[in-house]
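There are 2 protein chains.
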Amino acid sequence: MNNLFAERMSKIPRSFVREILKVTEDPKIISFAGGLPHPESFPYKEIKSAASKVLSENSQEALQYSTTEGYKPLREYIAKRYLLKGLKVDPDEILITNGSQQGLDLVGKIYLDKGDTVLVERPTYLAAIQAFGLYEPVFKSLPLLDDGIDTDALDETLTSQKIKLFYAIPNFQNPTGITYSRQKRQKIADILKNHETILIEDNPYGEIRFMGEDLPPIKSFLEKSVLLGSFSKIVSPGMRLGWVVAGKEVMEKLVTAKQASDLHSNYLSQRIVHQYLRDYEVETQLEKIRKMYKRQRDLMIAMIGKYFPHDVEYTQPEGGMFLWVTLPDGLSSMELFNRALKEKVAFVPGEAFYTDNPQKNTLRLNFSNSDDEKITEGVRRLGTAIKNLMITEKFNES
Amino acid sequence: MNNLFAERMSKIPRSFVREILKVTEDPKIISFAGGLPHPESFPYKEIKSAASKVLSENSQEALQYSTTEGYKPLREYIAKRYLLKGLKVDPDEILITNGSQQGLDLVGKIYLDKGDTVLVERPTYLAAIQAFGLYEPVFKSLPLLDDGIDTDALDETLTSQKIKLFYAIPNFQNPTGITYSRQKRQKIADILKNHETILIEDNPYGEIRFMGEDLPPIKSFLEKSVLLGSFSKIVSPGMRLGWVVAGKEVMEKLVTAKQASDLHSNYLSQRIVHQYLRDYEVETQLEKIRKMYKRQRDLMIAMIGKYFPHDVEYTQPEGGMFLWVTLPDGLSSMELFNRALKEKVAFVPGEAFYTDNPQKNTLRLNFSNSDDEKITEGVRRLGTAIKNLMITEKFNES
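Protein chains in written order, with my numbering: chain A, 45 to 442; chain B, 45 to 442.
Accuracy of the hints is not assured; some may be wrong.
PhoX-like mimics (lysine-lysine), calculated; alpha carbons at most 25 Å apart, straight line [what the hints assert, rightly or not]:
{"id": "1", "chain 1": "B", "residue 1": "Lys-431", "chain 2": "A", "residue 2": "Lys-116"}
{"id": "2", "chain 1": "B", "residue 1": "Lys-55", "chain 2": "A", "residue 2": "Lys-158"}
{"id": "3", "chain 1": "A", "residue 1": "Lys-97", "chain 2": "B", "residue 2": "Lys-66"}
{"id": "4", "chain 1": "B", "residue 1": "Lys-89", "chain 2": "A", "residue 2": "Lys-158"}
{"id": "5", "chain 1": "B", "residue 1": "Lys-292", "chain 2": "A", "residue 2": "Lys-55"}
{"id": "6", "chain 1": "B", "residue 1": "Lys-89", "chain 2": "A", "residue 2": "Lys-92"}
{"id": "7", "chain 1": "A", "residue 1": "Lys-206", "chain 2": "B", "residue 2": "Lys-55"}
{"id": "8", "chain 1": "B", "residue 1": "Lys-431", "chain 2": "B", "residue 2": "Lys-388"}
{"id": "9", "chain 1": "B", "residue 1": "Lys-89", "chain 2": "A", "residue 2": "Lys-89"}
{"id": "10", "chain 1": "B", "residue 1": "Lys-66", "chain 2": "A", "residue 2": "Lys-292"}
{"id": "11", "chain 1": "A", "residue 1": "Lys-206", "chain 2": "B", "residue 2": "Lys-388"}
{"id": "12", "chain 1": "B", "residue 1": "Lys-55", "chain 2": "A", "residue 2": "Lys-292"}
{"id": "13", "chain 1": "A", "residue 1": "Lys-97", "chain 2": "B", "residue 2": "Lys-55"}
{"id": "14", "chain 1": "A", "residue 1": "Lys-89", "chain 2": "B", "residue 2": "Lys-158"}
{"id": "15", "chain 1": "A", "residue 1": "Lys-116", "chain 2": "B", "residue 2": "Lys-97"}
{"id": "16", "chain 1": "A", "residue 1": "Lys-55", "chain 2": "B", "residue 2": "Lys-158"}
{"id": "17", "chain 1": "B", "residue 1": "Lys-97", "chain 2": "A", "residue 2": "Lys-97"}
{"id": "18", "chain 1": "A", "residue 1": "Lys-92", "chain 2": "B", "residue 2": "Lys-97"}
{"id": "19", "chain 1": "A", "residue 1": "Lys-55", "chain 2": "B", "residue 2": "Lys-206"}
{"id": "20", "chain 1": "B", "residue 1": "Lys-292", "chain 2": "A", "residue 2": "Lys-66"}
{"id": "21", "chain 1": "A", "residue 1": "Lys-158", "chain 2": "B", "residue 2": "Lys-158"}
Treat the hints as calculated values from the structure; they're not laboratory data.
Bound conformation, chain A alone (with noise of 0.2 Å):
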């Protein structure tokens, strides 16, 4: 029956974070595993009055059949939040997908032929290697430095091959929490300039910055890019509300491709997302969130430097949801989850998020959705099971 599937498929394992997420379903493990906001984070009673308001006002409409494109005043919305930042995007500009995600499945669908070149960071967000993946391109991968990514190789890469698309998370980086510099993103731009190669700029943690200067996206230097966006951080990731901003000749490519897809976005939720927008602050919403987030944070950084040895280096974020943590060479954080799930505390090791040559020693931690007791108490388990690897690997080499 195997050879009935299509090629594409023996091409994708099926998630390891999502493996992962099941070994953690025990309460009693405290997780650093997952990617998930903290659910004290969302806006419920407005999202429950804006919701009444929309079912009682327009139900008829917003249960019914709607637009591929999404509704017209969210995109409108999303356009003039934009403006704030800088960049100018005309709602036409802006297709309403089922969460990010969707997004890269169809950018992933409209631009990559089999054997086409997809260029990402590394380490990069695993599931857009996934959704990249079943269209069966070819990953190559640019280191990624403490600013951004390493924009001499990328100028030597794009010029010396053909690269179909690069994507890149230049805000708090999943799985790392790097930020890329204004030098940086103003070199890539230039860089991109010069070369056929289609930024796909992901940014889906962009509200969430906690600390240091906003900094303004990719695409403002690129017309030509594609900047993909969220309500999953900043409203509810249950509603599965994300968008693309492309130009109009891609935009026909993205549309035809969603309609194809799934005809169109939730329109109930995209009513009540967009009745929340207008009869509520967004920036209170967001400052609540980028408090709670940046405390967390910061707790977690300072038990590492408390509990972990001294040798083990991790990332300062200035927003988003998560650090990275390198061991000193030679370790393994898939040696470390085992011990680690026997401390009762869980993380994801870094291989998961390089599509060649992992980096062994490496592990992400999410602090979103946590406490001050777990993180507290987790990272101080976490810090005992790699004493512990430390001693054995010692032992062993001795």
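Got chain A sorted already, so can you dock chain B onto it with the hints?
Only chain B this time, still in chain A's reference frame:
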């Protein structure tokens, strides 16, 4: 720039129906072109109450990320309802999708390599052609007779060549309104048991049978087939909730593909629809829809009898939302479409529903999203347009 897009995009024009729907936005036009449920059929008060309940009692959960498979109690409800109809399905064999359109996309994604053959009814559902089309198969079509597909032709085709998928809509087919007889269902299952071909059985309208005897899905006789269902015609299409039923091995692939495509379906809506189905009797809702659509279908058929020339043929569907008209040989429904627009009435020319050699004298009429006045006046106008077309054609011939 065009050569940057994937080859698959060059094969899919934007939906013809979509373009037609734009033309018919003029409120003076009576349109039988769309495929929308009647907005008065939506249980909006009940949905409002269900939404309020979910957002009061389970808001943190309902707004959070969820599983790819979908809300388990909703899948259990669907399984129970199948059991009432004699089909035994495990809830774990059900995947919740963004409308059944996404089911089609996922089926294409997991099964179709470029060049695989997909067998369809002649004519068939336009959006299925689009969904599968993006995976670059070859289409082959078989005649649709009054009681279902031509099974002799099916047997011969499956024996003489390799067919990956056979896509069929056995209940109140879109666009024709035709229903497969019990004998044909059994016969199709018997034929398919001898071949590797997978049946994709699409059943969006099955619950809207307003006359005749309920018939079992072909899957009842053929376990290996894949069955698609939808809440769009029962509760609300705007919430984009459908499902796929498939055995364990296929389900694993579907879940992998769904996860890469959009992680999961809108969870808030899944909870709302489940709450609605728990708190209210769905049969009451179904009876309301069936009564409404039967009345409209009866009136449309009566008006066709009154206003159309006697040599125009049409189907008499026992359920669903569409009927299918065949003009006398030699007449073109595209030509009729232009004339009908002048009379301020619209429909979908049949050409849109063929994968090859369209039968140009056919057209689809929707009766669900209409009312007595529109049906009476619209069919009268369409009758006038047909008569005028026939006179011109005769004049041209002589």
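Evaluation of the provided hints:
no. : hint                  : result
1   : Lys-431/B / Lys-116/A : 41 Å, violated
2   : Lys-55/B / Lys-158/A  : 16 Å, holds
3   : Lys-97/A / Lys-66/B   : 29 Å, violated
4   : Lys-89/B / Lys-158/A  : 49 Å, violated
5   : Lys-292/B / Lys-55/A  : 19 Å, holds
6   : Lys-89/B / Lys-92/A   : 15 Å, holds
7   : Lys-206/A / Lys-55/B  : 24 Å, holds
8   : Lys-431/B / Lys-388/B : 15 Å, holds
9   : Lys-89/B / Lys-89/A   : 20 Å, holds
10  : Lys-66/B / Lys-292/A  : 19 Å, holds
11  : Lys-206/A / Lys-388/B : 53 Å, violated
12  : Lys-55/B / Lys-292/A  : 19 Å, holds
13  : Lys-97/A / Lys-55/B   : 43 Å, violated
14  : Lys-89/A / Lys-158/B  : 49 Å, violated
15  : Lys-116/A / Lys-97/B  : 28 Å, violated
16  : Lys-55/A / Lys-158/B  : 16 Å, holds
17  : Lys-97/B / Lys-97/A   : 14 Å, holds
18  : Lys-92/A / Lys-97/B   : 9 Å, holds
19  : Lys-55/A / Lys-206/B  : 24 Å, holds
20  : Lys-292/B / Lys-66/A  : 19 Å, holds
21  : Lys-158/A / Lys-158/B : 10 Å, holds
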